[in-house]
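Colleague: Residues per chain, in single letters:
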Amino acid sequence: MSAAIETHELSKRYRRASALTECTVSVPEGRVCALIGPNGAGKTTLLRILAGLVRPSAGTASVLDGAPRQDPAFLADIGFLAQEIPLYRNFTADDHLRVGGHLNPRWDAALARTRLAELRIPLDRRVGKLSGGQRAQVALALTLAKRPRLLLLDEPFAALDPLARRDFLAALTSAVTDAAGRLTIVLSSHLVSDLERVCDHLILLSGSRVQLAGDIDTLLAEHRVALKVENVALEELVLSYMGAEPADNRLTTIGEES
Amino acid sequence: MTWLIWRQYRAQAAIASVLLAALAAAIVVDGLQIASRWHSVLVSCAGNGGCLEQAPTLVNGVMSDLPYFTLIVPVVLGMLWGAPLVASELEARTSDFAWTQSVTRTRWLAVKAGWLLLAAVAWGGAVSALFTWWSGPINADSATAFTPGQFDTQGIVPIGYAVFAMSLGIAVGTVARRTLPAIAVVLGGFIGLRLVIANLLRPHYMAAVTTYFKVTSTFTPPGQAWVLSQGGVSRTGQVVGRGWGDLEPALPAACQRLLPGGPAAKSGGSMTSVFSCMQAHGWRGFVTYQPAGRYWPFQGIETGIYVLLAAALIAVTFVVVRRRDA
Numbered sequence: 003m004s005a006a007i008e009t010h011e012l013s014k015r016y017r018r019a020s021a022l023t024e025c026t027v028s029v030p031e032g033r034v035c036a037l038i039g040p041n042g043a044g045k046t047t048l049l050r051i052l053a054g055l056v057r058p059s060a061g062t063a064s065v066l067d068g069a070p071r072q073d074p075a076f077l078a079d080i081g082f083l084a085q086e087i088p089l090y091r092n093f094t095a096d097d098h099l100r101v102g103g104h105l106n107p108r109w110d111a112a113l114a115r116t117r118l119a120e121l122r123i124p125l126d127r128r129v130g131k132l133s134g135g136q137r138a139q140v141a142l143a144l145t146l147a148k149r150p151r152l153l154l155l156d157e158p159f160a161a162l163d164p165l166a167r168r169d170f171l172a173a174l175t176s177a178v179t180d181a182a183g184r185l186t187i188v189l190s191s192h193l194v195s196d197l198e199r200v201c202d203h204l205i206l207l208s209g210s211r212v213q214l215a216g217d218i219d220t221l222l223a224e225h226r227v228a229l230k231v232e233n234v235a236l237e238e239l240v241l242s243y244m245g246a247e248p249a250d251n252r253l254t255t256i257g258e259e260s
Numbered sequence: 373m374t375w376l377i378w379r380q381y382r383a384q385a386a387i388a389s390v391l392l393a394a395l396a397a398a399i400v401v402d403g404l405q406i407a408s409r410w411h412s413v414l415v416s417c418a419g420n421g422g423c424l425e426q427a428p429t430l431v432n433g434v435m436s437d438l439p440y441f442t443l444i445v446p447v448v449l450g451m452l453w454g455a456p457l458v459a460s461e462l463e464a465r466t467s468d469f470a471w472t473q474s475v476t477r478t479r480w481l482a483v484k485a486g487w488l489l490l491a492a493v494a495w496g497g498a499v500s501a502l503f504t505w506w507s508g509p510i511n512a513d514s515a516t517a518f519t520p521g522q523f524d525t526q527g528i529v530p531i532g533y534a535v536f537a538m539s540l541g542i543a544v545g546t547v548a549r550r551t552l553p554a555i556a557v558v559l560g561g562f563i564g565l566r567l568v569i570a571n572l573l574r575p576h577y578m579a580a581v582t583t584y585f586k587v588t589s590t591f592t593p594p595g596q597a598w599v600l601s602q603g604g605v606s607r608t609g610q611v612v613g614r615g616w617g618d619l620e621p622a623l624p625a626a627c628q629r630l631l632p633g634g635p636a637a638k639s640g641g642s643m644t645s646v647f648s649c650m651q652a653h654g655w656r657g658f659v660t661y662q663p664a665g666r667y668w669p670f671q672g673i674e675t676g677i678y679v680l681l682a683a684a685l686i687a688v689t690f691v692v693v694r695r696r697d698a
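Taken in order, these protein sequences are the chains called X and E.
Its first residue numbered 3, the first sequence is counted upward by one per residue in our numbering.
Its first residue numbered 373, the second sequence is counted upward by one per residue in our numbering.
Hints are computed from structural coordinates only; laboratory data are not their basis.
Warning: the hint list may mix true and false statements.
As the list claims (entries may be wrong) - Here are the computed distance ranges between Cβ atoms for each label pair:
id	chain 1	residue 1	chain 2	residue 2	range
1	X	133	E	521	36 to 46 Å
2	X	238	E	486	22 to 32 Å
3	E	375	X	4	51 to 61 Å
4	E	572	X	128	45 to 55 Å
5	X	125	E	408	33 to 43 Å
6	X	182	E	494	43 to 53 Å
7	E	493	X	64	38 to 48 Å
8	X	125	E	482	24 to 34 Å
9	X	75	E	486	16 to 26 Å
10	X	75	E	669	48 to 58 Å
Predicted, not measured: the structure shown is a model, and the values here were computed from it.
Don't be surprised by glycine CBs; every beta carbon is placed ideally from N, CA and C.
The task is simple: from the sequences and hints, build the whole structure.
Modeller: Here it is, written out as structure tokens:
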């Protein structure tokens, strides 16, 4: 199986600080990868580099067999959803669907319309007047309708209530099944429990560095052996690699990541 | 892409179209009145050259200021449409949406900037065409098409200003990443550059012509020439302006005595004796001007300067948008 994502010592420095330091990871095609880490760990930076929105300061990234680049074919393969849910506030959902149809070669209008109809989201209302959760659902539907080969979702659950989360995860799972191993997903979150059920791959970032990366079952098995215990939850595994802070603080105080 | 631009700008385009239509209606209505006034002046003055000098002014009231009002419109378009083109997308993070569709940033910018520049050309062209027509009788009456102010509202230069202002807005907004500071820079930059070019550069696009003449006679450059300076020059090369305030202290004592109110003044206050005295002392009159035939070359040079600056700004914008981290 070929790698959908392959990075080698990928670094991004801003004037004051390092956002990402020597990140070397590989995600095989067809995987659903959880990108976990505390606030400011570099999750957003990594996703934005992979989407071609940010240029790395050093190192290389290979996404679907090529560096992220300004090329319609590459851009058509990438579905990116930023944490801020960027939509034109005075456009309606329908306007966005039409824009998507004009700008994307594999546009699946029926998929987006069915999804938004199921969620009872009005297509004719300006998205600025929708609730935060509804806006997030519109943006997710747009991203899925692009029919990407790599889906990069930055904190997609932040704006969703628990019911909507479950529903969205179901949609992701069915998208993965439909794609028959051709769709790779990376989604970031600070909540391990959100991702545990759908993800089979893990990248753990902390302090701008990769702390742990690989197939989740393999990682758990290694950990079981190392600790000589029968069973280890993914959450415990993640916490043990996140550093010395008390777990309660780490997992409950994380909000927005810049 | 074009549909996206249309959806983003349709409200503003509608407002701008209504304003342009209202302006056009005002210019056409007023222009027809001016033309008929001018026509009746021509009929009543047929065969009588002095009569034209006595003719009442053709333009009246608010309308006489209208051309000057339109001088600021390009910069308003640059501030309201150009500056937010990229900056507002970065501010609202909608660039994340736009730049992850299956369209390169280059094409995204080309279509967006292209339509706005087209709008600038359309606006500049429409306003210029209207005012060039409107100014026809005034140009014929007072021969002022080449003078600053009138020159700026007619011919092809308004198109250059409009394209430049729009490009300045787009480029500054892209580099600054924020709309409000960009608007301030565009306003200051456009007005500053217009003043510098109009006052310091434009008189020198081509070497001016200076004609000397006897102070006892007069000389007016033919046609709609642009007079840069005029006055008198003494035998020793001392140049003084046209006003008596400048001229009087510079005159030889013998001529000063002949001035009205002076000890040797001729009865009736005639200046003829003063001019004869100046002539006898070697004074000449001069006019420095750009001949009327240079009107279109000057229009072309000025438009060219602004279009080249606009092209440079757009090129910078493309480089920045392609390389920028979003």
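Colleague: Determine for every hint whether it applies to the structure shown.
Modeller: Tested hints:
no., hint, result
1, X:133 - E:521: 36 to 46 Å, "violated, 56 Å"
2, X:238 - E:486: 22 to 32 Å, "violated, 57 Å"
3, E:375 - X:4: 51 to 61 Å, "violated, 36 Å"
4, E:572 - X:128: 45 to 55 Å, "holds, 49 Å"
5, X:125 - E:408: 33 to 43 Å, "violated, 56 Å"
6, X:182 - E:494: 43 to 53 Å, "holds, 51 Å"
7, E:493 - X:64: 38 to 48 Å, "holds, 44 Å"
8, X:125 - E:482: 24 to 34 Å, "holds, 30 Å"
9, X:75 - E:486: 16 to 26 Å, "holds, 23 Å"
10, X:75 - E:669: 48 to 58 Å, "holds, 49 Å"
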